[in-house]
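If you read the protein sequences in the order shown, they are chains A and B. Residue 1 is where the first sequence starts when you use my numbering, and the numbers rise one by one after that. Residue 1 is where the second sequence starts when you use my numbering, and the numbers rise one by one after that.
Don't read these hints as lab results, they were simulated from the structure. Please note that the accuracy of each hint is not assured.
Copies of the same chain look alike in the list, so a pair counts if it works inside one copy or between any two.
Straight-line C-alpha distance at most 25 angstroms; calculated SDA-like pairs for lysine to any residue [unchecked claim]:
#1 K310 with R165
#2 K15 with K285
#3 K310 with E216
#4 K310 with E221
Protein chains: 2
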Amino acid sequence: MTKPRNDNFLRALLKEPTDHTPLWLMRQAGRYLPEYRETRLRAGDFLTLCRSPDMACEATLQPIARYNLDAAILFSDILTIPDAMGLGLRFETGEGPRFERPLREEWAINDLSAPDPFDHLRYVMDAVAAARKALDNAVPLIGFSGSPFTLACYMVEGGGSRDFRHLKSLLYSRPDLLHRILAVNAQAVTAYLNAQIESGAQAVMLFDTWGGALTEAAYAEFSLAYMRQILAGLHRIREGARIPAIVFTKGGGLWLEQIAASGADGVGLDWTIDLGAARRRVGEKVALQGNLDPGVLFAPPEIIATEARKVLEAFGPGNTGHVFNLGHGISQFTPPEHVAALVETVHGYRRQA
Amino acid sequence: MTKPRNDNFLRALLKEPTDHTPLWLMRQAGRYLPEYRETRLRAGDFLTLCRSPDMACEATLQPIARYNLDAAILFSDILTIPDAMGLGLRFETGEGPRFERPLREEWAINDLSAPDPFDHLRYVMDAVAAARKALDNAVPLIGFSGSPFTLACYMVEGGGSRDFRHLKSLLYSRPDLLHRILAVNAQAVTAYLNAQIESGAQAVMLFDTWGGALTEAAYAEFSLAYMRQILAGLHRIREGARIPAIVFTKGGGLWLEQIAASGADGVGLDWTIDLGAARRRVGEKVALQGNLDPGVLFAPPEIIATEARKVLEAFGPGNTGHVFNLGHGISQFTPPEHVAALVETVHGYRRQA
Numbered sequence: 001m002t003k004p005r006n007d008n009f010l011r012a013l014l015k016e017p018t019d020h021t022p023l024w025l026m027r028q029a030g031r032y033l034p035e036y037r038e039t040r041l042r043a044g045d046f047l048t049l050c051r052s053p054d055m056a057c058e059a060t061l062q063p064i065a066r067y068n069l070d071a072a073i074l075f076s077d078i079l080t081i082p083d084a085m086g087l088g089l090r091f092e093t094g095e096g097p098r099f100e101r102p103l104r105e106e107w108a109i110n111d112l113s114a115p116d117p118f119d120h121l122r123y124v125m126d127a128v129a130a131a132r133k134a135l136d137n138a139v140p141l142i143g144f145s146g147s148p149f150t151l152a153c154y155m156v157e158g159g160g161s162r163d164f165r166h167l168k169s170l171l172y173s174r175p176d177l178l179h180r181i182l183a184v185n186a187q188a189v190t191a192y193l194n195a196q197i198e199s200g201a202q203a204v205m206l207f208d209t210w211g212g213a214l215t216e217a218a219y220a221e222f223s224l225a226y227m228r229q230i231l232a233g234l235h236r237i238r239e240g241a242r243i244p245a246i247v248f249t250k251g252g253g254l255w256l257e258q259i260a261a262s263g264a265d266g267v268g269l270d271w272t273i274d275l276g277a278a279r280r281r282v283g284e285k286v287a288l289q290g291n292l293d294p295g296v297l298f299a300p301p302e303i304i305a306t307e308a309r310k311v312l313e314a315f316g317p318g319n320t321g322h323v324f325n326l327g328h329g330i331s332q333f334t335p336p337e338h339v340a341a342l343v344e345t346v347h348g349y350r351r352q353a
Numbered sequence: 001m002t003k004p005r006n007d008n009f010l011r012a013l014l015k016e017p018t019d020h021t022p023l024w025l026m027r028q029a030g031r032y033l034p035e036y037r038e039t040r041l042r043a044g045d046f047l048t049l050c051r052s053p054d055m056a057c058e059a060t061l062q063p064i065a066r067y068n069l070d071a072a073i074l075f076s077d078i079l080t081i082p083d084a085m086g087l088g089l090r091f092e093t094g095e096g097p098r099f100e101r102p103l104r105e106e107w108a109i110n111d112l113s114a115p116d117p118f119d120h121l122r123y124v125m126d127a128v129a130a131a132r133k134a135l136d137n138a139v140p141l142i143g144f145s146g147s148p149f150t151l152a153c154y155m156v157e158g159g160g161s162r163d164f165r166h167l168k169s170l171l172y173s174r175p176d177l178l179h180r181i182l183a184v185n186a187q188a189v190t191a192y193l194n195a196q197i198e199s200g201a202q203a204v205m206l207f208d209t210w211g212g213a214l215t216e217a218a219y220a221e222f223s224l225a226y227m228r229q230i231l232a233g234l235h236r237i238r239e240g241a242r243i244p245a246i247v248f249t250k251g252g253g254l255w256l257e258q259i260a261a262s263g264a265d266g267v268g269l270d271w272t273i274d275l276g277a278a279r280r281r282v283g284e285k286v287a288l289q290g291n292l293d294p295g296v297l298f299a300p301p302e303i304i305a306t307e308a309r310k311v312l313e314a315f316g317p318g319n320t321g322h323v324f325n326l327g328h329g330i331s332q333f334t335p336p337e338h339v340a341a342l343v344e345t346v347h348g349y350r351r352q353a
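Looking at chain A on its own, in the form it has when it is part of the complex:
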């Protein structure tokens, strides 16, 4: 494929030397940007925005136009797959996502099937193609999906949850039914990410937002196993180039060795783990992505610079294998000019060889 003019992000994930430490920010296209809020207002509601390839493309490009970021990530929602499965996604103001038909009955679980990404999720593929074209090879485009387990959490609970009561009931009482959901989800996510790759995504990422709510044994069985299956089923070469894959389990620091052995090129880390300790634990196996506390971006620019440098120094010497990011999505309350200070600090930092 035509290499992006700035391919530092791809090189870092493949553990090749980079000119500077590349960075992008989880949820970089979103509510903290006034231009995003304007697009969102024009769309009327969040789902209309997600489903419009033109507006999703516009939102994808907004942070790239404003900052010197090293990658763009598709603007979309992690719940597009269960929505396409017919669960009836809605967003209520201040409530977060809700499914009209949460998945709790055995018959409904047995009826579940993976949607064809080029049919019900065509709008996502169109947005990928549009964003890739609009980026004009400036920086790589990242495609993404929720992990099978994280999707199952929303599908079974019917929305966000603090205790995952319904999910845990199913997991401990009827693990066979949860495995059935996860198997369908894994098949759906594999097809979805491969379709994004075919449509132009140059890297892919699995967001396992809720895997950290499990025990070590349950994480291995109900989350990691299915991510491993997806990673094995991805089309990793496209247009002659390697498509790197990143796995991010929030709260997964205790299980880092297992995650690093999943087949991913990069492992995303939240801010609770020291980046240097993480690097020592995974060795040369994978690249690491992270892990500034998103709360740092509430502080003044000079403090942002100090804290960002601490993360860069914690990773240690060697200009390879580190993609700078936050440890979780950027807050909607972040002042946009604070992001500029972060980008400048990371790009200005020179590592020791």
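Add chain B to chain A, keeping to what the hints say.
Chain B alone, transformed into the frame defined by chain A:
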């Protein structure tokens, strides 16, 4: 002091041999019990219940009357201290705790002072004394407090939070002000726990519910340091007996070695860490308390038995140093008969020497 007839809990914390693995459950006095809901209804509202020594004593004893648990924990709320500091605690239905006057202004932070536990918190000490008397030395009584950092989270945010925006702003922008709050909190918690010990508590526990939201460096500086200070200031001998202290940081598994070196006798663990791995990491330094996923209690009794035995087996051989508990508070949706199945399993389990 007159030893409790069942002192297995105290012995396990002091790493002395026990007859069986002792257990109690975080939030064991609470909403999943119909008799508690009856008391709560009689009180009218939650704060009236907390502030009535008679009714708080009644709630403390309810789980002991129903189950063969090895310890009672005082029924109270972790926000009694900031309430006594004048922040104006309220509980709104379905909303959780709210402070009328969250702590955000420099002058208010400078004005903060530690309340005298025998004055503004007299009702807590009266409840401790009443519960100790009512228990009649059947099992030990545990006193508790929120950690300085966890109290600060609520005080600064004004209630629960998902991103701790105000707290993180303060932590990164004005660490001096956060340290000022934490210093006052540490002084207040030390006096509060010592007063509980003086009033009859036979063990004490620090609940650090939100320490796991920090980076490793910030956890050491803003949470653990103040807990260490408290542990050093506790009156650990009372009526000739050692008063064991437990520290529980939810999400603190990555920092276990540091927590084990804090001066606590026991370390509480959430369910995300394998108990055997935790034991190997701390060696003989401390006892461990935990760590069944509270979600297991939604499953049928035979599955509860299997999962509880997995926790007991993960700890490994040697009848000392393990207090069985959940990895977090029991859910209000737990069927009470499921707790009976758990108690029976843990007490019936015989460890290999």
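Structure-inconsistent hints, enumerated in ascending order: Of the numbered hints, all hold.
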